[in-house]
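Protein chains: 2
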Amino acid sequence: MEYTHFFKKALAASRAAAVLSPDQVNAVLREVAAQAREKTDFLLEANAQDLARMEAADPAYDRLKLTPARLQDLAQDLEKVASLTSPLGQVLLQKSLPNGLSLSKVRVPLGVVGVIYEARPNVTFDVFSLCLKTGNACLLKGGSNAHFSNQAIVSLLHQVLERQGLDAGLVTLLPPEREATQALLQAVGYVDVLIPRGSQGLIDYVRQQAKVPVIETGAGIVHTYFDVSADLEMGRQVILNAKTRRVSVCNALDCLLVHEHRVIDLPLLAAPLAEAGVEVFADAPAFAALQGEYPAALLHPATEEHFGTEFLALKIAIKTVADLPAALDHISLHSSKHSEAILAEDPLAIETFLNSVDAAAVYANASTAFTDGAQFGLGAEIGISTQKLHARGPMGLEELTSYKWIVRGNGQTRS
Amino acid sequence: MEYTHFFKKALAASRAAAVLSPDQVNAVLREVAAQAREKTDFLLEANAQDLARMEAADPAYDRLKLTPARLQDLAQDLEKVASLTSPLGQVLLQKSLPNGLSLSKVRVPLGVVGVIYEARPNVTFDVFSLCLKTGNACLLKGGSNAHFSNQAIVSLLHQVLERQGLDAGLVTLLPPEREATQALLQAVGYVDVLIPRGSQGLIDYVRQQAKVPVIETGAGIVHTYFDVSADLEMGRQVILNAKTRRVSVCNALDCLLVHEHRVIDLPLLAAPLAEAGVEVFADAPAFAALQGEYPAALLHPATEEHFGTEFLALKIAIKTVADLPAALDHISLHSSKHSEAILAEDPLAIETFLNSVDAAAVYANASTAFTDGAQFGLGAEIGISTQKLHARGPMGLEELTSYKWIVRGNGQTRS
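Taken in order, these protein sequences are the chains called A and B. Note that UniProt numbering numbers the first sequence so that position 248 is 248, with each residue one more than the last. Note that UniProt numbering numbers the second sequence so that position 294 is 294, with each residue one more than the last.
If you're looking for bench data, these hints aren't it; they were derived computationally from the structure. Treat the hints with care, since some could be wrong.
A pair counts as met if it fits within one copy or between any two copies, since identical chains are not told apart.
[Stated by the list, open to error] BS3-like mimics (lysine-lysine), calculated; alpha carbons at most 25 Å apart, straight line: (1) K80 - K315; (2) K80 - K65; (3) K80 - K95; (4) K80 - K105; (5) K39 - K65; (6) K9 - K80; (7) K80 - K39; (8) K9 - K105; (9) K95 - K211; (10) K95 - K9; (11) K8 - K39; (12) K8 - K315; (13) K95 - K65.
Here the structure is a predicted model, which is why all the values come from computation and not from measurement.
Kindly generate the complete structure, drawing on both the sequences and the hints.
In structure tokens form, the structure reads like this:
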């Protein structure tokens with residue numbers, strides 16, 4: 001099959017999208033919200049067709065499932081995006097040059113944003129709203145097992161766009177087959193950025209195959225370092241929260257580093273984890289300290305592969321380190337540069353850690369669970385970037401924009 | 001050959017580079033400048049070995065050649081970079097969240113910057129100075145026919161770094177063979193960004209092969225639209241300058257679009273081009289207007305492939321358009337989104353053009369020759385990005401940085 005016509009439609013629509021007024025955009029978003037509430041039956045029926053093809057025991061089943069309450073939440077999210085200030089047109093820099101040229105750097109849309117994701121129909125609404133708000137057209141490649149849901153959602157989006165006199169090419173759902181993904185990855189000249197959302201396998205595949213610019217999101221191999229100066233009670237709360245609040249998310253804690261002089265505190269520090277049923281993979285000193293104190297069924301000796309693993313489960317690795325530099329070295333070696341934390345009372349240790357650790361978010365004395373667009377006050381989130389180019393950490397509206405240089409003259413030539 | 005040890009050295013050096021003080025960095029840059037002046041003989045001898053392997057008639061010969069005057073200029077450039085304010089540590093955003101967390105977004109180095117370039121030894125100095133200034137380690141893959149020059153320059157850089165007690169891994173010259181390029185393109189986990197500088201062929205190759213994030217630079221297919229309202233004398237000056245100031249650069253004019261009501265002015269508008277010896281490829285109405293007025297030897301009918309060509313020569317395409325929207329359509333179809341200009345007195349035409357055209361730099365009533373880091377006041381330039389992710393147009397120091405989120409708490413957990 002030939003996919004270029006989809007890409008051409010998106011490119012053409014993106015030209016028009018760049019000059020839409022905020023009022024036009026917000027009217028669309030509010031009408032989509034209203035429709036998401038009104039067309040509940042239509043959307044749930046399509047969703048039921050997808051659900052019927054999946055085992056209820058599949059971990060993806062819950063993410064695939066739409067309910068009236070979830071549609072209500074999605075409608076609220078759409079209205080929230082409508083209420084945000086558009087970053088477009090923001091003047092990032094403005095100056096007059098000695099030769100009389102007026103120079104300004106102005107925020108503009110990226111153009112065409114491609115998103116590859118798994119069976120999560122809520123993402124279809126999210127990506128559309130964030131892209132439209134930022135003047136971008138979007139090309140969606142959703143999971144094939146959510147295709148009925150996505151088709152229904154996109155048909156609803158198209159109806160609203162057409163009623164508002166806008167180009168349906170602003171949102172395109174690509175066919176569910178794998179070849180469409182391949183074509184999207186190679187759509188040089190059509191796609192300004194591609195954002196894969198999903199498993200590490202998907203992200204690795206995209207990195208291997210993409211010929212268009214990509215923003216990597218995803219994997220978080222997250223550490224928290226319990227310094228010699230750390231407060232024990234704070235450590236108990238923060239480590240419990242970072243590990244167990246939601247184990248399936250990328251900011252969840254994977255590896256606790258403990259200063260060797262505080263290994264003695266491990267039984268108390270880890271007690272809340274035991275209550276929560278967390279399996280521990282401990283290095284020799286930590287294992288010795290926990291043995292007899294931590295439930296035997298949940299305590300295992302660590303092997304090398306437990307360090308640098310993103311567990312996404314009630315599991316944690318514990319490693320003893322001689323000092324802060326050793327903690328920094330371990331993090332540098334194993335971190336995926338997502339979220340890293342220190343627990344310490346010593347200001348010098350805190351500053352050294354915050355300055356030295358190379359990660360999207362670095363924390364002192366707080367749970368890494370806060371790495372999230374809404375928590376950071378971005379208003380919305382299209383993903384969490386784990387690369388350093390363009391956007392780092394939670395990506396909101398600004399991260400879906402580029403800029404251009406506008407130069408106004410009265411006949412200037414360069415000597 | 002195995003190249004991973006080069007990448008590991010650069011990665012290790014980048015950790016140290018991120019926490020260097022501005023004084024340490026500037027001391028290195030000033031000493032390198034002093035050495036570039038003092039070791040003239042050493043550098044010119046190495047350069048002579050490269051020159052001896054190239055025909056003097058080769059267009060690359062002049063770019064390869066170092067002279068005492070050029071080394072003097074390079075030394076001044078190094079001192080200029082030393083005098084600029086470092087963007088590192090700049091606080092891009094700072095707020096206190098309702099839960100008491102203090103959140104700041106702070107500029108940090110990218111990490112390891114790879115640059116692939118052709119036989120231009122001056123780039124070796126430039127990339128080193130801009131990367132060191134921004135706390136990055138750099139991996140250099142220069143043209144093989146400049147390898148003696150590059151080796152000499154990098155040995156000089158290493159001596160200075162060692163004298164200043166810094167890690168020689170801050171700058172690494174990769175071996176001249178093609179396999180090193182291939183390894184660099186695939187150095188996932190080591191290279192944070194790769195910037196290819198050179199021919200379209202090189203850039204296409206990088207886009208096809210790279211598994212690490214890339215910033216594309218280069219090709220400029222540049223238009224200037226002469227509106228129905230444009231001033232003729234201004235047009236003569238600006239078009240001449242944009243086309244002929246330096247034909248080999250990416251911001252040079254490639255295609256003049258003329259409003260059909262102003263085709264009558266073409267003989268006067270193009271007269272300065274004739275004097276400069278510019279070959280014209282004109283569409284039928286423009287050809288008819290120029291016939292008998294423009295030197296016959298320099299006037300040819302345009303064929304389709306002349307539109308969308310980057311000439312890099314004393315050649316220009318001329319196309320007649322019915323109106324501004326037709327000009328915008330032509331630009332949208334053929335532009336490489338580098339630099340685009342309108343010549344007009346009508347304010348509405350100007351605003352429509354500046355808002356609608358999707359390019360790194362959009363001009364009203366000025367020569368596109370100004371698209372340049374120094375002209376835009378960036379202080380320095382590592383390349384001109386033609387993509388929309390991360391950096392667009394001239395890239396200076398800020399564009400060689402990323403940011404991280406620093407979160408300070410007193411035990412906050414997320415509910």
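Evaluation of the provided hints:
1. With identical chains, the CA atoms of K80 and K315 are never at most 25 Å apart, being 36 Å at best within one copy and 53 Å at best between copies.
2. With identical chains, the CA atoms of K80 and K65 are at most 25 Å apart within one copy only, with a shortest distance of 22 Å there and 60 Å across copies.
3. Taking the shortest alpha-carbon separations for K80 and K95, only the inter-copy value of 21 Å comes in at or below 25 Å, while the best intra-copy value is 34 Å.
4. Only between protomers do K80 and K105 lie at most 25 Å apart by alpha-carbon distance; the minimum there is 24 Å, versus 28 Å within a single protomer.
5. In this assembly of identical chains, K39 and K65 lie within 25 Å of each other by CA distance solely inside one copy; the values are 16 Å within and 70 Å between copies.
6. Within a single copy, K9 and K80 get their C-alpha atoms no closer than 28 Å, and across copies no closer than 47 Å, so neither meets the 25 Å cut-off.
7. For a Cα distance limit of 25 Å, the shortest separation of K80 from K39 inside one copy, 20 Å, qualifies, whereas the shortest one across copies, 63 Å, does not.
8. Taking CA atoms no more than 25 Å apart as the test, K9 paired with K105 passes in neither setting, with 28 Å inside one copy and 37 Å between copies.
9. Taking the shortest Cα distances, K95 and K211 never come within 25 Å of each other, neither inside one copy (36 Å) nor across copies (38 Å).
10. For a Cα distance limit of 25 Å, the shortest separation of K95 from K9 qualifies neither inside one copy, at 37 Å, nor across copies, at 41 Å.
11. Taking the shortest Cα distances, K8 and K39 never come within 25 Å of each other, neither inside one copy (30 Å) nor across copies (56 Å).
12. Proximity of K8 to K315 under the C-alpha cut-off of 25 Å is found in neither arrangement, the shortest distances being 47 Å within a copy and 31 Å between copies.
13. With identical chains, the CA atoms of K95 and K65 are never at most 25 Å apart, being 52 Å at best within one copy and 37 Å at best between copies.
When held up to the earlier numbered hints, the structure conflicts with 1, 6, 8, 9, 10, 11, 12 and 13 and fits the remainder.
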